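Novice: Single-letter residue listing:
Protein chains: 2
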Amino acid sequence: MFGRTYFNGEVTEAAIGEKVTLKGWVQKRRDLGGVIFIDLRDRSGVVQVVFNPDISAAALATAEKIRNEYVLDIQGTVIKRDEANINPNVTTGTVEVQAESVTILNEAKTPPFIIDERTDVSEDIRLKYRYLDLRRPAMFETLKMRNQTTKAIRDYLDGEGFLDIETPILTKSTPEGARDYLVPSRVHEGEFYALPQSPQIFKQLLMVSGFERYYQIARCFRDEDLRADRQPEFTQIDIETSFMSQEDIINTAENMMAKVMKDVKGLDVALPFPRMTYNEAMGRYGSDKPDTRFGMELKDVSEIVKDSDFKVFTGAVASGGQVKAIVVKDGNADYSRKDIDALAEFAAIYGAKGLAWLKVEADGVKGPIAKFFAEDQQQLVSALEAEVGDLILFVADKKGIVADALGALRNKLGKERGLIDQSKFNFLWVTDWPLFEYDEEEGRYYAAHHPFTMPFREDMDKLESDPASVRAQAYDLVLNGYELGGGSLRIFERDVQEKMFKVLGFTEEEANAQFGFLMDAFEYGTPPHGGIALGLDRMVMLLAGRTNLRDTIAFPKTASASDLLVDAPSAVSDKQLAELSLRLAALKK
Amino acid sequence: MFGRTYFNGEVTEAAIGEKVTLKGWVQKRRDLGGVIFIDLRDRSGVVQVVFNPDISAAALATAEKIRNEYVLDIQGTVIKRDEANINPNVTTGTVEVQAESVTILNEAKTPPFIIDERTDVSEDIRLKYRYLDLRRPAMFETLKMRNQTTKAIRDYLDGEGFLDIETPILTKSTPEGARDYLVPSRVHEGEFYALPQSPQIFKQLLMVSGFERYYQIARCFRDEDLRADRQPEFTQIDIETSFMSQEDIINTAENMMAKVMKDVKGLDVALPFPRMTYNEAMGRYGSDKPDTRFGMELKDVSEIVKDSDFKVFTGAVASGGQVKAIVVKDGNADYSRKDIDALAEFAAIYGAKGLAWLKVEADGVKGPIAKFFAEDQQQLVSALEAEVGDLILFVADKKGIVADALGALRNKLGKERGLIDQSKFNFLWVTDWPLFEYDEEEGRYYAAHHPFTMPFREDMDKLESDPASVRAQAYDLVLNGYELGGGSLRIFERDVQEKMFKVLGFTEEEANAQFGFLMDAFEYGTPPHGGIALGLDRMVMLLAGRTNLRDTIAFPKTASASDLLVDAPSAVSDKQLAELSLRLAALKK
Numbered sequence: 000m001f002g003r004t005y006f007n008g009e010v011t012e013a014a015i016g017e018k019v020t021l022k023g024w025v026q027k028r029r030d031l032g033g034v035i036f037i038d039l040r041d042r043s044g045v046v047q048v049v050f051n052p053d054i055s056a057a058a059l060a061t062a063e064k065i066r067n068e069y070v071l072d073i074q075g076t077v078i079k080r081d082e083a084n085i086n087p088n089v090t091t092g093t094v095e096v097q098a099e100s101v102t103i104l105n106e107a108k109t110p111p112f113i114i115d116e117r118t119d120v121s122e123d124i125r126l127k128y129r130y131l132d133l134r135r136p137a138m139f140e141t142l143k144m145r146n147q148t149t150k151a152i153r154d155y156l157d158g159e160g161f162l163d164i165e166t167p168i169l170t171k172s173t174p175e176g177a178r179d180y181l182v183p184s185r186v187h188e189g190e191f192y193a194l195p196q197s198p199q200i201f202k203q204l205l206m207v208s209g210f211e212r213y214y215q216i217a218r219c220f221r222d223e224d225l226r227a228d229r230q231p232e233f234t235q236i237d238i239e240t241s242f243m244s245q246e247d248i249i250n251t252a253e254n255m256m257a258k259v260m261k262d263v264k265g266l267d268v269a270l271p272f273p274r275m276t277y278n279e280a281m282g283r284y285g286s287d288k289p290d291t292r293f294g295m296e297l298k299d300v301s302e303i304v305k306d307s308d309f310k311v312f313t314g315a316v317a318s319g320g321q322v323k324a325i326v327v328k329d330g331n332a333d334y335s336r337k338d339i340d341a342l343a344e345f346a347a348i349y350g351a352k353g354l355a356w357l358k359v360e361a362d363g364v365k366g367p368i369a370k371f372f373a374e375d376q377q378q379l380v381s382a383l384e385a386e387v388g389d390l391i392l393f394v395a396d397k398k399g400i401v402a403d404a405l406g407a408l409r410n411k412l413g414k415e416r417g418l419i420d421q422s423k424f425n426f427l428w429v430t431d432w433p434l435f436e437y438d439e440e441e442g443r444y445y446a447a448h449h450p451f452t453m454p455f456r457e458d459m460d461k462l463e464s465d466p467a468s469v470r471a472q473a474y475d476l477v478l479n480g481y482e483l484g485g486g487s488l489r490i491f492e493r494d495v496q497e498k499m500f501k502v503l504g505f506t507e508e509e510a511n512a513q514f515g516f517l518m519d520a521f522e523y524g525t526p527p528h529g530g531i532a533l534g535l536d537r538m539v540m541l542l543a544g545r546t547n548l549r550d551t552i553a554f555p556k557t558a559s560a561s562d563l564l565v566d567a568p569s570a571v572s573d574k575q576l577a578e579l580s581l582r583l584a585a586l587k588k
Numbered sequence: 000m001f002g003r004t005y006f007n008g009e010v011t012e013a014a015i016g017e018k019v020t021l022k023g024w025v026q027k028r029r030d031l032g033g034v035i036f037i038d039l040r041d042r043s044g045v046v047q048v049v050f051n052p053d054i055s056a057a058a059l060a061t062a063e064k065i066r067n068e069y070v071l072d073i074q075g076t077v078i079k080r081d082e083a084n085i086n087p088n089v090t091t092g093t094v095e096v097q098a099e100s101v102t103i104l105n106e107a108k109t110p111p112f113i114i115d116e117r118t119d120v121s122e123d124i125r126l127k128y129r130y131l132d133l134r135r136p137a138m139f140e141t142l143k144m145r146n147q148t149t150k151a152i153r154d155y156l157d158g159e160g161f162l163d164i165e166t167p168i169l170t171k172s173t174p175e176g177a178r179d180y181l182v183p184s185r186v187h188e189g190e191f192y193a194l195p196q197s198p199q200i201f202k203q204l205l206m207v208s209g210f211e212r213y214y215q216i217a218r219c220f221r222d223e224d225l226r227a228d229r230q231p232e233f234t235q236i237d238i239e240t241s242f243m244s245q246e247d248i249i250n251t252a253e254n255m256m257a258k259v260m261k262d263v264k265g266l267d268v269a270l271p272f273p274r275m276t277y278n279e280a281m282g283r284y285g286s287d288k289p290d291t292r293f294g295m296e297l298k299d300v301s302e303i304v305k306d307s308d309f310k311v312f313t314g315a316v317a318s319g320g321q322v323k324a325i326v327v328k329d330g331n332a333d334y335s336r337k338d339i340d341a342l343a344e345f346a347a348i349y350g351a352k353g354l355a356w357l358k359v360e361a362d363g364v365k366g367p368i369a370k371f372f373a374e375d376q377q378q379l380v381s382a383l384e385a386e387v388g389d390l391i392l393f394v395a396d397k398k399g400i401v402a403d404a405l406g407a408l409r410n411k412l413g414k415e416r417g418l419i420d421q422s423k424f425n426f427l428w429v430t431d432w433p434l435f436e437y438d439e440e441e442g443r444y445y446a447a448h449h450p451f452t453m454p455f456r457e458d459m460d461k462l463e464s465d466p467a468s469v470r471a472q473a474y475d476l477v478l479n480g481y482e483l484g485g486g487s488l489r490i491f492e493r494d495v496q497e498k499m500f501k502v503l504g505f506t507e508e509e510a511n512a513q514f515g516f517l518m519d520a521f522e523y524g525t526p527p528h529g530g531i532a533l534g535l536d537r538m539v540m541l542l543a544g545r546t547n548l549r550d551t552i553a554f555p556k557t558a559s560a561s562d563l564l565v566d567a568p569s570a571v572s573d574k575q576l577a578e579l580s581l582r583l584a585a586l587k588k
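These protein sequences, in sequence, are chains A and B. Be aware that the first sequence starts at 0, since it is given in numbering that gives the first Met the number 0, and climbs by one per residue. Be aware that the second sequence starts at 0, since it is given in numbering that gives the first Met the number 0, and climbs by one per residue.
The set of hints was computed from the structure by calculation and includes no laboratory data. None of the values given here were measured: they were computed from a predicted structure. Where a beta carbon is used, it is the ideal one built from N, C-alpha and C, also for glycine.
Under 10 Å between C-beta atoms, here's a sample of chain A residues computed to sit facing chain B:
(1) R153
(2) L225
(3) G524
(4) P527
Can you build the whole structure from these sequences, using the hints too?
Specialist: So this is what it looks like as structure tokens:
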């Protein structure tokens, strides 16, 4: 125990009568007229220490100078508390330590904010004084859970013969994908390293080398405009294997997650995890990462409404689109016309030009468009499994817009109507992804996952002729509506990789300049391989029941990628710039 | 086993009669006129596969196309080998697999060099084709050992309640210490992040937060001119604790190392490790990281020679210097005058102006300076415990030069005379370091470890008046003459830290601009704390018996900090530079 007898939270009745040495911080101090009580905190919890003039006048005199957050070294004897003073809320609530001597190891000024979950100080202040914010027990518990999570992952993968191998942080810039962070080289003037967006290339090269089972809990970097749930540096559980099928990799990943759930949350999750193709997920949930903790699935009513008199619906179907609906159970009374207008505005963010609705009443459907379905209403209501009291919301548009708008509405309504069981952990595999996404604006295809993803063998001949229809041997793991991560089998043949780059618009020269070494490697006996990468920050966020990625990271950055604690980024000296052969361009406005 | 029955190195007699599926690379192929044998390799080892026309003509036909490093999927039956063909050198030497079918999973061109320990191809070529070089079993074994090492470390620290916590890679530039790698910020124009030289500040802040026991296997970065045993990015086992004494931390670290030695090498090392003060190490070995696997200690003969007639010796002593000697056992016959001249040249690198010597013969000492010691020779020889046949080497100079020159000579002679038992792992703690080093050229003090190191309490009042005499509560762990790492108790009081920066030549403004947040943190209840950091790359190098750090890193950089495999650093686009508001300065010549 290194100079102390117990951690404070572990002083229990078993220790009564023992002389103990304790260390820690003053959580609270009460002076009850000549007798002083303090709660002494360390990372394990709190124990009450009492300074009594009959025991040690000197200790009491020191205790009089003590303030909150002082750091103390205390010697004393564990005694039982009076019945009246027992605190059932803490593990140490039936005992207290009678102080015989006390040393103030360090003093403390009054913190700039109250160290408490319920503090209403701005997050910027909390980030500036992160070392104080991290004193909140919830922060310690979350970071402890992060440690438990990585330990469970390492234990599992180690048992399966995976080797933890480090890959470079100073590596090469590749224009495909997100924006790189660059690092100027001093030795090679005018040249730059880049920080890795993932260890993708290196882990594939390790498969070429015959390592067969690799993992790494790897730091990755993306210089993107940040959203609330992004950080410029993030951590990924990175796994790659040789000779394994998609089935094998999925099996490995879900067994790993089952161990995480058991070790971290004490929960037995059912295996195998449910699976769904990308098309099914988009069809039923309007999302490629559906939250399956509640229903309210999207239903296609195109067939029923396509011959109605409601031009919006018939027009959408006639031009190749769809009409789909979700049913808001017992929603009639809760949504006024104005509320529904607000929902329509929300749907408009996702491209929906309108939001049609019907309320199911005992005497039939009501609402502005009810008149168009006087005849079909029975069929419609029954196809949607709607009941009296329900609100039906329709979107009629192109397939993609219908899915996006209704999917987003479904998530919003699921949350605000309390349909989600927060105790559930619903894992889901989404499989059979499209290999490419078409960017209308740029008029070109992008890799839906990344350019190293293996197409379905049976779709291979459509790679150049009909890229949009090619499916990828790719799989995403979804938890409670969040993408935990994704993986794929990889291309391991030079000719397939070359075709892939061609479809992505690379010239042969560009492909070789960027990835020639990888395609060269494929020619020296590269095994079939594949893997997966899972986001650790998000995983911990979901396990800990937090809503903010920053709560899972000891020293996070703000939405503008600043570290408010150490003040980074910051100006550097002219000497440093000169050594790097760099000059600052005139500042943009 | 995911689609295979065994790893190849694990097919033993227990499997005879089994139908098996194996995967792997062709290590060797022999065509014995109609019957083909291949050695099929995977990361576990090799098994012999035989293609026999009586078993499968189709498999044999495919086998005829197979070349080295092809990747195969093989079905067959395990059979016993003929007695005559048994290979006792491999685990699978008594069996072979009779192939029933074979699929070529991928072909392979002839590698640009033979994949073998004994290859004489240049290291640059091996680094360019690192994925092939990593196929050498020794490389796999070294990286596997690296994985075992980190696992042993994690297991130990986890058991002691240490939490693995990640600290930022994008952080702030600090001018003290080595040169930083900088990362330009896109969002904050003209500002830069720096890659961390160590997580020092963050781990101390975690102690302020009350985490008490932290560790991380952390990537660190230094933009220094590289020597053979340096890499621009390296990995450090980073540990910090609160409320622990130097004794506690040393105890923790040596127990951790004992577990590493047990788990990785199967060796029981004796605890506690020997200890020596810095002064003793410099005095006895002329080194702050002595290799204690052999003797040949430095002996001070100043008292004996100070009144001799040899002016070089008497002059050195009179001007406050020393005369010290090492004894080369049985060295008389092995070192000619010319050889000794070469040793003197070597000693000159370390500042020695000369290298005096004596040979101990049956009839007295011989050599150019023997005449000066006609009377004192008995006393000299006996003080040095020299015997007939020994060579004595003397350096007379300032204390520092004597230590450096004789220390270096000792290491050189220890190696070339085969005095070192290569099977030994000699750990040693070097304690009681000086807090500062004085830089004669710059006329200022530098922190011997780093500016956060705690002085001895009893030396505190000399901090400003006599910095050179202040001792640090610091300790280095040495293994076989290499510094594995070092640690210290840290300053945790603002006034002491301020004094420290003052001695180091910081103005108050500079100290606050760089480290104000840390000194602020000290005021909010900072516990006494300290830690240690050990170099993982070097540790693995010594455990694996390698002589090159690059062999312990999957994808290392060259001495000019280049990655020859991916071609980094490299030029980036004008668009990327513009986004960062940077321009290249005119290139230096």
